[in-house]
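Trainee: Sequence:
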Amino acid sequence: MMRLTMASLLMLGLARLGVPTSALAQGSKTVTKWNVRYSYVNGTTEVDSHPYDSRDDAVAAAEKFKANHNNPLFFPPEEYVKDYKAFEVKVAITPPRGIPRVREEPSLPMPAKPGVEMPKPAASALAGTVWSGSEDLQGYGKLSFKFNSDKTVTMFDTEGSAHGRWQLVGNQVTLFFYSGNVVYGGTIRGNSMAGKAGNTQTTWNWNLQLQ
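Quick note on the numbering used here: the sequence shown kicks off at 1 and runs consecutively.
Treat the hints as calculated values from the structure; they're not laboratory data.
Misleading hints may appear alongside valid ones.
[As the list claims (entries may be wrong)] Just the calculated beta-carbon pair ranges, DEER-fashion:
1) T158 to T32: 41 to 49 Å
2) V182 to D57: 16 to 24 Å
3) G190 to T44: 16 to 24 Å
4) T30 to G160: 37 to 45 Å
5) G139 to E88: 42 to 50 Å
6) T154 to G43: 33 to 41 Å
7) K64 to S132: 24 to 32 Å
8) T30 to S132: 35 to 43 Å
Note that the Cβ used here is the ideal one computed from N, Cα and C, for glycine as well.
Take these sequences, add in the hints, and give me the full structure.
Mentor: Below, the structure is given as structure tokens:
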């Protein structure tokens, strides 16, 4: 299936508005970003939902994701990351003066209908959202995550709040807290997010709903 670049999507949006796309070619600007394509043991592939500023940033994120994803506490061996490849992408920025900007309202997919595979959420859709629910770790209960656009996340639990970072690949989300000593790994399905978490001593389950 052909993957549209942001420049292509912008041109399609301008065409829908009746704006000549030749004007875009005269004044548009593109920047080089880096993304990561993951290959899994089961033969499937996925592309990271968030481009990175440099190849080093992309590789570092891929290494961290692979190390945490390939953990039997979170995923079975057939779903392990087998390999990954960092690649360049061109991102269009700053439309030329006189061309209207199309505001995109990020939204998460609606709950899936039986037998229908839901589209995987984009990082832009997850940023700015709040998810609340619970975890079954002894001594804890209520749990909430607030996702920020700069890939940081704030966790609220019975002890208060803690800051960490999040990564989204496909519909698999991974959250890192306390210098990576506490990791939450989960799957987003519609308005639900659930999975397993672990620290250096134990593991537990968690389940949240979009607020």
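Trainee: Please go over all the hints and tell whether each is borne out by the structure.
Mentor: Now the hints, each set against the structure:
1. T158 to T32: 41 to 49 Å: holds (45 Å)
2. V182 to D57: 16 to 24 Å: holds (23 Å)
3. G190 to T44: 16 to 24 Å: Holds, at about 20 Å.
4. T30 to G160: 37 to 45 Å: holds (43 Å)
5. G139 to E88: 42 to 50 Å: For E88 against G139, whose Cβ atoms are near 47 Å apart, the range 42 to 50 Å holds.
6. T154 to G43: 33 to 41 Å: The hinted range 33 to 41 Å holds for T154 and G43, with Cβ atoms some 37 Å apart.
7. K64 to S132: 24 to 32 Å: holds (26 Å)
8. T30 to S132: 35 to 43 Å: Between T30 and S132, where Cβ atoms are some 39 Å apart, the hint holds.
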